[in-house]
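Chain order of the listed sequences is L and F.
Under numbering that gives the first Met the number 0, the first sequence is numbered contiguously, ending at residue 309.
Under numbering that gives the first Met the number 0, the second sequence is numbered contiguously, ending at residue 434.
Simulated from the structure, these hints should not be mistaken for lab results.
Keep in mind that this is a model prediction, so the values were computed, not measured.
The C-beta atom is built at its ideal place from N, Cα and C for all residues, glycine as well.
Computed list of lysine-lysine pairs in BS3-like fashion (alpha-carbon distance at most 27 Å, straight line):
#: 1; chain 1: F; residue 1: 130; chain 2: L; residue 2: 225
#: 2; chain 1: L; residue 1: 73; chain 2: F; residue 2: 434
#: 3; chain 1: F; residue 1: 130; chain 2: L; residue 2: 140
#: 4; chain 1: F; residue 1: 130; chain 2: L; residue 2: 73
#: 5; chain 1: F; residue 1: 233; chain 2: F; residue 2: 209
#: 6; chain 1: L; residue 1: 225; chain 2: F; residue 2: 131
#: 7; chain 1: F; residue 1: 43; chain 2: L; residue 2: 225
#: 8; chain 1: L; residue 1: 73; chain 2: F; residue 2: 429
#: 9; chain 1: F; residue 1: 433; chain 2: L; residue 2: 73
#: 10; chain 1: F; residue 1: 131; chain 2: L; residue 2: 140
#: 11; chain 1: L; residue 1: 225; chain 2: L; residue 2: 140
Here are some chain F residues pointing at chain L (derived, C-beta under 8 Å):
#: 12; residue: 51
#: 13; residue: 86
#: 14; residue: 87
#: 15; residue: 92
#: 16; residue: 96
#: 17; residue: 97
#: 18; residue: 101
#: 19; residue: 105
#: 20; residue: 121
#: 21; residue: 125
#: 22; residue: 151
So the derived label-pair ranges between C-beta atoms look like this:
#: 23; chain 1: F; residue 1: 78; chain 2: L; residue 2: 302; range: 52 to 58 Å
#: 24; chain 1: F; residue 1: 345; chain 2: L; residue 2: 103; range: 52 to 58 Å
#: 25; chain 1: L; residue 1: 200; chain 2: F; residue 2: 256; range: 54 to 60 Å
#: 26; chain 1: L; residue 1: 22; chain 2: F; residue 2: 75; range: 25 to 31 Å
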Amino acid sequence: MRRLLLPWALAAIVFVALPYIVPDYYVGLVTKMLIFALFAMSLDLMIGYVGLASLGHAAFFGLGGYTVGLLGLKAHVSEWIALPAGVLVATLGGVLFAFLALRARGSYFLMITLALAQVVWGIAFGWRTLTGGDDGLPGIKRPTFFISLADQTAFYYFVVLLVGLSAIALTMIVRSPFGLALLGIRESETRMRALGFNVWRHQFVAFVFAAAFAGLAGALFVYQNKFVNPAFLHVVMSAEALIMVILGGVGTLLGPAIGAGLIIFLEDFISSQTQRWLLILGIIYVVTTLFAPRGLIGLYRDFVARRSKP
Amino acid sequence: MSKGHHVRFAERAGARVVAGAIVAFSSASLLVNQAAAQAKPPIKIGFIAPTSGGFAPSGEECILGAKMYFEEIGYEVAGRKIELIVEDEQARPDVGLTKAQKLVERDNVQVLMGVVSSAVALAINEYARDKKVPLILSCDAGANELTIPGPLANPTLVRTSQNGRTPSAAAADFMMKKGWKNIAVLAADYAGGFDTIGGFGAALCKLGGKITQEQYPPITNNDYGPYVTNLDQKADAVAMFLPGGGGLRFIKQFVEMGLKTKLPVMDIYGQAVYEPFLPQLGDSSIGIYSTLHYSSAIKTPANEKFAKAYFERTKHQPSDNAPDGWVGAKAFADAAKAIDGNVEDTARFIDAMKAVKFDSPKGPIALDKYGQVIQSMYVRQVEKVGSDYVNTPVATYPNVDQFWPLSFEEFESYKYRYVDLKGSLTNCGKVLEKK
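Pulled out of the complex, with its shape left as it was, chain F reads as follows:
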């Protein structure tokens, strides 16, 4: 290869022309396919969710949830067929954006749906806003700002899944009611962690409680021993948000050091007691509290039917992702039906989305004027039922909106955003400082 620089002009350019021709030909043939569209066209939904990489389990469960609903209605609404085109976002923002462009510009989808990673949601948001394509966030992507008036707000975006702060507020309220006023917290050291634990701290301060200690392990941390040893044992309880296996490892070491009998644990968002992890945790998971907008053990006809159907297909209990996908699909179909399937009229479709109201496995669903879901929050506690471990709901906060327990005005009146409060959460004066 020492003669690398002596490449002849002709063969270099030849190769480039071939590459260009391949692109040109393959796209020309796709154009022909598109021209053969029918008279009454189907509604095409571009579903963006990770099916590879670390987020794949959440993505696949969310896709399955949506498919289960579309199967119930025979993939048809208001006389139009529903076509679901799934694209793998790989939890990489640039890939997610390219996929969104592909879905909108090549496949001509009328609606974008799904999205697990918040970074991907932030990347797609601007594109969907420019193209005026409805974006229904129906999977995990929970960045608070997306549905709060501000620079990121998007009039064509709705979110039917969740946001970052509401399970935190539920956790704070429940712990105060239990009489646990001094809380030691742990959160993973990244944007989602600060958002979640900041929301918890603000709600706790507002209710008269206090955070006594903050710890931020790196998101890829393996050894939680030091964090367990450092834990403030004078606190009344521990609250934590450690996603992606971190919570699981923390609980194991927490139990090994014999702290479980001394300190109650609140797992905000149920990351450690995520259903697939429960068999690994075994008996050490019993008694752990968590907050989330779903539990497979909710005793309502809607959920029992859904959980049973889900179990028959997958042989395991659903986490929150499958019902989230199901709710997104139903909200879409209900809205499409309300406007006679005319989803191309973006403004009317979004208005119809914001007007949907129905019962779901998660509980009653409605949307606020910003497009964020109003739903129930559940405090769950791990129980052993037979040989299985289950997150049994022990308290319910029905129909709470994204600012609960605050109003929008009160939420906006604080000086610091949650992510800016890292390291200052023990100081309630700063947390609640007004603008």
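Only chain L is shown next, with the shape it has when bound in the complex:
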């Protein structure tokens, strides 16, 4: 038991100590990594555990973000209401999308989620009086929950707390009997149906959960950036999350989180070094797909398995 707890304790210490070790800029960057880790984990719930690849996940990210931004900026609502409302609106968006999209499978599901997300994007882009169109909504304030989170370090701890709790919640979901049933559905829908499971209802609940966590990530990202813009719910954002999940390792939760952190770090780091950074990122993706089809986590596991053999 002690061996199991040690790495977690170490990780906790690193996350708590980070603002004392690294300059402000990296605290901001790690905050962004954590937020995208949550976003990627929520998408992994869909891809890895339900087996439904979505190209519209950024819609929930953006719904959460726009709700928080609009309520704070236009309605001057307290953050105690705005943040939960952001998650709630994303959840309701998830309910609506699930009703429409869960009729299809495979690439058709991909297309429907893409189309639905583009509708949300179109509204954010076109409804200028409400959303500010493609200028977005600048000037959103960081929230105050007991203490002011305007300072980057304080906000970082807030994000560590919420992303940590969400990660625990997601882990509990996928390890619960419900999560096991999802895995069963991913492997064979017909068999699970024959066993008496309501396949559609399981998928529906997982879809809504994924939307809710994506909404939380989006709300946090808006607070981090202090503005919201249609780019937050664009298909590029959805595709980026998809790459994070695939790079990290589908169906592992921790893998997508690492994939998210790594991609945010690489995008920032390599693009500062060279103008050819897109080429380098592309090569990294291709190499990962070729040599680590199960993602970085898969690679790590193969490595451990090989070493433990005599």
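Guided by the hints, dock chain F onto chain L, whose structure is given.
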């Protein structure tokens, strides 16, 4: 992978610790680098411009323009070396903001410069204001509100490139002088489009003209046939703002349908007759009017020298982006020189920026009290010179400010902002309604 949920605790956490350690180590080594700074430190400029994606050509030209000026002065001003750190904004606001944070907090730049996308400028603006870092918008980012008193105004921001409405005002004035009073307009369906065409409509109404028809094709539109067919042919002329290749396609279909001999075309901002597009348009581009704050064919010693140097490096004519970058760099250097290189004193530096006055490839440059450039507007017409197509200036509006032909007070007295006038531009009563 069906055993995905059986991952052992230890290996998950192990991976997380490794990731954390990588971040910690790499940043620690960067800290050491920063400590080794010199006694008389260089001035570091963070240049934010897209070098990937659809905006990359504008970004790269703007960067080159700035580099050409810094090379002229040997990357040195008031005894301090100038260090230019270029970051790719990718025309994505969240990326632009992260890059600005990186430049200010990690590279410790004293000044931010560049920015092509207005969305990125809006995202960075607030951050620069909070950190009190001077932000010199020297590339395309033209959102009007950034330099007009209001919620977005930023005391540490100056813009040496352009704004959205002035080329529109020049277009309206020129068309009225030509006697074209009834104008059909087309603008791309996005914020920049409404801003530009709203500015045109307001100026036209003010001068006594009238918009007879508004059309808003989507920004990614490919087929302009329907818009050409719908065009109000009783109008005296067409004015349009269709950036990013849209203008090019519109002109092609406009010419194919034989309308070019019937209706003169005014291309606000010169998006269709953008220099790299002219060879594609060929003879159909001849005679098209456009308004912009630059033309490579301006006959002044400053511009002939610049255009020649630019052509030698790139083998093509500069558009407005390279001179914009050049002017931003020179304005910065002149201001830094005026305060003995002490750019860390933000308030004095911004005052010095607002006081610069010099001659440039674009014409004479000065700044107003809000930090927006006062420069010349050119009406250009495409001509064939030898085998090349050139935007030859046919009229000049020298030294116009951001509110021209209105005053600030008059500009502020109108009830509707330009972006809110979409669909009502044909109604001059509403356009000119007072608060």
